[in-house]
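**Q** Position chain B relative to chain A; hints supplied.
So the chains spell out like this:
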Amino acid sequence: MAKTDPVIIVIEDDPSIRRFLRTSLGTHGFSVFEADTGKQAIVEVGVRKPDLVILDLGLPDMDGVEVIKAIRGWSAVPIIILSARSSEQQKIDALDVGADDYLTKPFGFGELLARMRVALRHSIRPQEPSQSDIFITANLKVDLINRVVSVDEQEIHLTPIQYRLLAILVKHAGKVMTHQQILKEVWGPSYQENAHYLRIYMSQLRQKLETDPTQPKFLLTESGVGYRLKIW
Amino acid sequence: MQSQQPHKAVISGALPLKSHLPGYVWGILAPLACTLIDWPLRHWLGPASILMTYLLGVFLVASRYGRGASIVASLLSAPVFAFYFARPIFSFAIHDLENIIGLVVMIVVANVTGSLLEKSKIQAELAAQREALASALYRLSHDLSTAQDHDTVAQIAVKHIHDEFGVASMLLNIDAENHLQMPSYLALPGVDLASAQRIFENRTAKQDNNFGYYPLKGSRAWQGILIIQAAQPFPWQGSELSAFIDTFCHLIAQTLERLQFAAQAKEATLQAESEALRNALLSSISHDLRTPLTRIIGAAGTLIESDSDLSVAERQDFNHIVLDEAQRMSELTGKLLDMARLSSGEINLHPDWNAIEEIVGSALNRLDKHLKDRPVRTVLPDSLPLLWIDGVLMEQVLVNLIENAVKYSPAGSPIDIGGLAREGSCRLSVADYGPGIAKGQELKIFDKFYRGIAESEQSGVGLGLALCKAIVEAHGGLIQAGNRAGKGAEFVIELPLRDPPQFAEPEITGSLS
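Protein sequences, first through last, are from chains A and B.
Counting from 1, position 85 in the first sequence corresponds to residue 101 in my numbering; the numbering is continuous, with no gaps.
Counting from 1, position 79 in the second sequence corresponds to residue 754 in my numbering; the numbering is continuous, with no gaps.
If we strip away everything but chain A, and leave its shape as in the complex, we get (with noise of 0.2 Å):
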């Protein structure tokens, strides 16, 4: 069976913190290789072909942007970023240029494990363009083909926007998406700026899909990054 088990990389400076990675992740049935370097690992990620790729993004030889970049010119592995608290910028750019999501330094593993989980589904079942999926998590169903909206069975009107809204973020459901990415795809390139769009359309979603816009189950808000459609 161990051919069967994913593949993951992970490039991390800190020999404790691999060491922690190596031991959890093989315990849950993961096969775990290392990088210690930006070099290193754009080498193995293109030795290994792994199913998933781990990257701490404060590498001592080169920028971890730089290593997404190198990967995503040949690889659509998905990439789990680490980083640091408090650089939100740092986080967008990775997500920007192709990272799949991040975790902020320090993390629990089981919020590791959930991410890679997401990451992994996403990767096995790549959306294709036909999207004939029914979307449904908890109380909330999204038919993508016939683009109605529920919760609780009751059916919910939205408005074009607000459909192509929620209908970005559960393609990506569980990964986070940053204003950017959501805002290109909504609205397209020359709306980059306006991101009082995505505010609002994001509080008028809330209001028709949450019991409490204020403590959302679904629309989550990753602060300063972007959003996140929760999978429960």
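Since the hints were derived computationally from the structure, they do not count as laboratory data.
Treat the numbers as computed from the prediction; the structure is a model and nothing was measured.
Quick list of in silico lysine-lysine cross-link-like pairs, DSS-like style, CA-CA up to 27 Å:
hint, chain 1, residue 1, chain 2, residue 2
1, B, Lys-1047, A, Lys-233
2, A, Lys-85, A, Lys-200
3, A, Lys-246, B, Lys-1044
**A** Chain B in isolation, oriented as in the chain A frame:
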């Protein structure tokens, strides 16, 4: 509003030349008039008395028109008197010694009176001019005293030089490397920065090509250069006005230096404050970080040393201690780092349009674990406008306030979060049902490292509220603590409202209330 008309320019190199013609006319007329008056009276008056009337005439001319006119009068009086009144009459010869002495006295008196008078007149005019200069200086120093930045000083200096001297000028400030900086406005055309820099470095005033360069020397350092544009030769060169311009420059230099000192003093205060913070930080760290560390080391040590003696439940217990305490330390270091960033005076706000509801939501989401047994009641009207704030930092404010409420109110009691838009501001409140804030502590609790309750009872470094205050104030807002009657503590944040952003799409209006 500045008056468009500059008041009378003080500048004038020499005293104005008045026309002396009327004086000389009067110098001629006075002896003739005396002759006409005295002629009919010549039989009753002696020559001495008649001489006195001439002396009077000369004196009057002297007192009115000065030395030149009085000399004319006296020199004319002498032959007229000799011809008409001194024996032999109708001849210019004078026989009486008495009359000769009289005439000599008259000429001397005319001379002395005239020159005395002229002197006092010059004195008076000089005094008037000095007064004008002094009041010009007063006006300048008065205006300069209110200036708060270099640009204002430059504007005031240029305006005053124009008003007093009627000439254009420009003030060049220096940067940190002692290089002159061209002002972004009010620049004189034709000034060469390189030559200005050379003259500035030579430290001596210089006239060159219709420009007068005046390096500005403060009491300690050179502050910049004043460049005055005027046609050559400079009217004030070498005169009293040259000293006056020096005084002008001196005043400007002093003001610039005052600004520099003020900036330095501010910097020093900031430095002292951050020094104090560092010290307090160190003492705080030693206690607040060591406590959880002690627990972690203890628990982890026990796990390693006595692993086989521990039951599964005990091991689990120790593991939890390690995890909980490490998380506590993580939160603590986060706050310390935030505070250090904020108190270094370099708060980098990344403001954007943010929905309050969203920020409250993500704050509550972050505190999920702490809020398990606490009902949170949020009252946020849908009509709350977007706020131009740093979402990450404002979330931190709410997190700290909610954490605080959890800490200082009984388990299970609710927490109220409210929002309200008002004229020009937005009001946010976080309130609990605890014992409230002790009287007189409403301001103190925002101090760094201040804790309301003895440290053993509550964990934390006393930075949460200080952070809140720093962040809210960086947004131009206000944070206050108080008690709600009969309920508990309430923290109120007032944030300024900006004009809301524009929406180009019609859809948005349909869906908004």
